[in-house]
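Taken in sequence, the protein lines are chains A and B.
1 is the number of the first residue of the first sequence in the numbering used here; add one for each residue after it.
1 is the number of the first residue of the second sequence in the numbering used here; add one for each residue after it.
Simulated from the structure, these hints should not be mistaken for lab results.
Every residue, glycine too, gets a C-beta built ideally from N, C-alpha and C.
Heads up, some of the hints might be wrong.
Here are some of the chain A residues that sit facing chain B, going by a computed Cβ distance under 8 angstroms [as the list claims (entries may be wrong)]:
{"hint": "1", "residue": "Leu17"}
{"hint": "2", "residue": "Ile24"}
{"hint": "3", "residue": "Phe27"}
{"hint": "4", "residue": "Leu31"}
{"hint": "5", "residue": "Thr46"}
{"hint": "6", "residue": "Val55"}
{"hint": "7", "residue": "Leu58"}
{"hint": "8", "residue": "Val67"}
{"hint": "9", "residue": "Leu71"}
{"hint": "10", "residue": "Gly80"}
{"hint": "11", "residue": "Gly84"}
Each chain, letter by letter, is given below.
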Amino acid sequence: MKISSEEVEHVAHLARLHLSASDIETFTQQLNSILLYMEKLSELNTSGITPTTHVLHLSNAFREDQVRPSLPREEALELGPEQGGSSFVVPKVI
Amino acid sequence: MELHDLTIAQAHQKLKNKEISSLELTRAILNRIAKVEPKVGAYITLTAELALAQAQEADQRIASKRIGPLTGIPLGIKDLISTKGIKTTCASRILEDYVPPYDATVMTRLRAEEFVLLGKTNMDEFAMGSSTESSALQVTRNPWNPAHIPGGSSGGSAAAVAAGECLGAIGSDTGGSIRQPASHCGVVGLKPTYGRVSRYGLVAYASSLDQIGPLTKDTIDCALLMNVLCGYDPQDSTSVSQNVPDYTAVLEKGVKGLTLGIPREYFISGMDPEVEQAVRTAITVLENQGAQCLEISLPHTEYAIAVYYIIATAEASSNLARYDGVSFGLRNGNEQRLIEMVQQTRSFGFGSEVIRRIMLGTYVLSSGYYDAYYMKASQVRTLIHQDFQQAFQKCDLIVTPISPTPAFRIGEKSSDPLQMYLTDIFTISANLAGIPGLSLPCGFSSQGLPIGLQILGNHFEEEKILQAGRAFERATDHHLRRPVI
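Go ahead and model the full structure; you've got the sequences and the hints to work with.
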């Protein structure tokens, strides 16, 4: 077993997903077969090889810190499911 | 020939010569959509009224002799490209009612040409899939055989082009999502070099792999759309400020003097013999046109699927964290606590493939597993990139199949995610290396399903790729066949 059902439940929590008991069972089985397949990578010795994050060797894209037109607050707020005044409204955090 | 059978270049000539108006053309395509859409299901949202209004505006522009190559041309746009004031759902319940307040850069560029927007095309949810079956909103069928998938994730775009429901379409390609559906639907699709087309306004799946590109009836139309899509955009920090050539300029140059690499790792056991035969025949056609062929090796090909499904899901788990029911998109449940609201929203709003990939991506990035999975995959990605750089010292282009089989049947692979992932074997390496790749029709199976040929080039060598693709089209007629629907 690469991943246990307890680990699947933990990962779901990290990803802010709520899974039913039967979902956990299905995902445990599916993730196990996928992770077993990925074992393939351990055939390769990669010590000393630089990891690739972007293929074009881009450097940081700096720009002047200037004020430019942006989305008006009212328009941005309209996209949310619930608003109050100048904020999005969410259920209690604590 | 009916108007919906025209290519973009043909329609442009007719518009320019005043043989037809954009309004007539747009009406003809809308009629075609009304007729075949119940069987194909390519569009999530149709914008018929807007299309007719845009066509009239385009006609005014044409009357004042300011016609561009795309003016008045009706196109479909994949539903993960942000369209101001028009729903952009990503084929997901979580964005089912989301209306973006801004346009993606590619939309701004297309609108400047006064193209006609027909609607937003279906796709795998958040572009996660190879068959368009993971769309939460509808089923798209292959126009060549409704029992089969159109490919994915840009399945709606490919099916719409093949079915004459638009003259061309825009898709996105993270692991083959333009090229594979193009292959399965018998149309042309190009994934440009990473950084060539701005990703601003493209809903992110895996940001180091995603790239927008065209799906068309032939390579001429592909070049025309590339001319408009490509270019530097300060809004996308990974956009590249390199000159954009006129992609139509060298199209007819032929393949004489070009060396084509044929990688032995792309002709594997288990591959459909009809696919292998069609691709081998296509290689001979290119040789007869004057290309030299050379057997090459891309030794790390067999690791590409594992690398891709680690890197892509890791990036996805981070990109999709923004869907939390707070600032846009769906909110589900009337929970007492914030964390419960977020969990309920995400669990209800995402389909099972998206949840699976978020789970996998979260796992490979989690404490204790990062080095074994994400770091390891990023290192093997370097090896895959090096394979291509070494190959391109010996050859100009690389020619391979797109998919090991023609389009499979709807439902055939949906119960086993790993089997579905393995179908991406020939397309994902190009995304990992950031190189451009073209898919074009090179034959049909005995069941009448299209088979695609892939032509890969080095970074920013789209011209050479299109030149070879065009040489192949001139010698064959696969790209002229249309499905009977």
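Evaluated hints:
| no. | hint | in the structure |
| --- | --- | --- |
| 1 | Leu17 | holds (5 angstroms) |
| 2 | Ile24 | violated (10 angstroms) |
| 3 | Phe27 | holds (6 angstroms) |
| 4 | Leu31 | holds (6 angstroms) |
| 5 | Thr46 | holds (4 angstroms) |
| 6 | Val55 | holds (3 angstroms) |
| 7 | Leu58 | holds (6 angstroms) |
| 8 | Val67 | violated (15 angstroms) |
| 9 | Leu71 | holds (6 angstroms) |
| 10 | Gly80 | holds (5 angstroms) |
| 11 | Gly84 | violated (13 angstroms) |
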